[in-house]
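Trainee: Whenever a hint applies, use it, and build me the whole structure from the sequences.
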Amino acid sequence: MKVSALSSGSSGNCFYIEKNDSAILVDIGISAKRVEERLNLLNCQVEKIKGIFITHEHTDHIIGVDVFSRRYNIPIFATKGTITNGHLCSNRNLINPIKNNDIVDIGEFEIEAFKKSHKAADPVSYSISDKNKVACVITDAGYACENIHDKISKSDFLFIESNHDIKMLENGGYPAFLKKWVKSDLGHLSNNQAALAVLEHGHRRLKHIVLSHISKTNNSPDVAMNTFGNLLRERSDLNTNLSVSLDNSPTRLFNV
9 MKVSALSSGS SGNCFYIEKN DSAILVDIGI SAKRVEERLN LLNCQVEKIK
59 GIFITHEHTD HIIGVDVFSR RYNIPIFATK GTITNGHLCS NRNLINPIKN
109 NDIVDIGEFE IEAFKKSHKA ADPVSYSISD KNKVACVITD AGYACENIHD
159 KISKSDFLFI ESNHDIKMLE NGGYPAFLKK WVKSDLGHLS NNQAALAVLE
209 HGHRRLKHIV LSHISKTNNS PDVAMNTFGN LLRERSDLNT NLSVSLDNSP
259 TRLFNV
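For the sequence shown, this note's numbering begins at 9 and goes up steadily by one.
Don't take each hint at face value.
Unchecked claim - Derived Cβ-Cβ restraints for the label pairs, each shown as a range:
#1 Leu261 <-> Lys139: 16 to 26 Å
#2 Gly181 <-> Arg213: 35 to 45 Å
#3 His157 <-> Arg241: 33 to 43 Å
#4 Asn101 <-> Glu178: 45 to 55 Å
#5 Arg78 <-> Ile111: 25 to 35 Å
#6 His157 <-> Tyr80: 30 to 40 Å
It should be emphasised that the hints constitute simulated quantities derived from the structure, not laboratory data.
The beta-carbon is built from N, C-alpha and C at its ideal position, and this holds for glycine as well.
Mentor: Below, the structure is given as structure tokens:
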């Protein structure tokens, strides 16, 4: 299995997972053209993509899904709440409703949806198995709930939200109501929250973590990496590589 964050951040999120002749996308929060360009940079073929899995209806996760899905006739999978509250695709035949804990078999993959806490209609994250290794995409979560703990413990590769540094958020220019929401159980995971979840629940099989959805205002890649690195030193048995994902370029294509 190979994976990449084509984009991650408040400007747009899109994750790519492939094995052999099968691939999926998790979210398309960038334009269809940008998805195509970034797949080309990685020498990945759009024709491999068998499904698009949407986490929730916010614009930075769905803005490109309508055009991309219709252009290539790719089915979309999302919860009923996401379908109702977000314009996913004008071709309704491409939209497939799923529920929390549903498992979808596509090509080489089993994709499991699991519930999380975020200010959205019916948000989920996804765990992707090729029946040998497991990659998990966890962003836009207000706190690390039991579902997230469970999926972290079973992951070989993890994209996890590391949205903000608490001090940078508190001392920054966001209005009070926005700071309160970001820190709430319906907001976003801080560096510390994400790192502690991995520290407490990561298994020795977890070989790579990509810090994702990093705020440009209330965080930085260096701050996020340092927070994770310092906390994970407490787990000498956890031999895990760290990377960051950005919204202006794709990560490399990682082997899981």
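Trainee: Are the hints correct? Go through all of them and say.
Mentor: Evaluated hints:
1. Leu261 <-> Lys139: 16 to 26 Å: For Leu261 and Lys139 the Cβ distance comes to about 20 Å; the hint holds.
2. Gly181 <-> Arg213: 35 to 45 Å: holds (41 Å)
3. His157 <-> Arg241: 33 to 43 Å: At 21 Å between Cβs, range violated.
4. Asn101 <-> Glu178: 45 to 55 Å: This hint holds: roughly 47 Å between Cβ atoms.
5. Arg78 <-> Ile111: 25 to 35 Å: holds (26 Å)
6. His157 <-> Tyr80: 30 to 40 Å: For Tyr80 against His157, whose Cβ atoms are near 36 Å apart, the range 30 to 40 Å holds.
Hint violations for this structure: number 3 only, all remaining hints satisfied.
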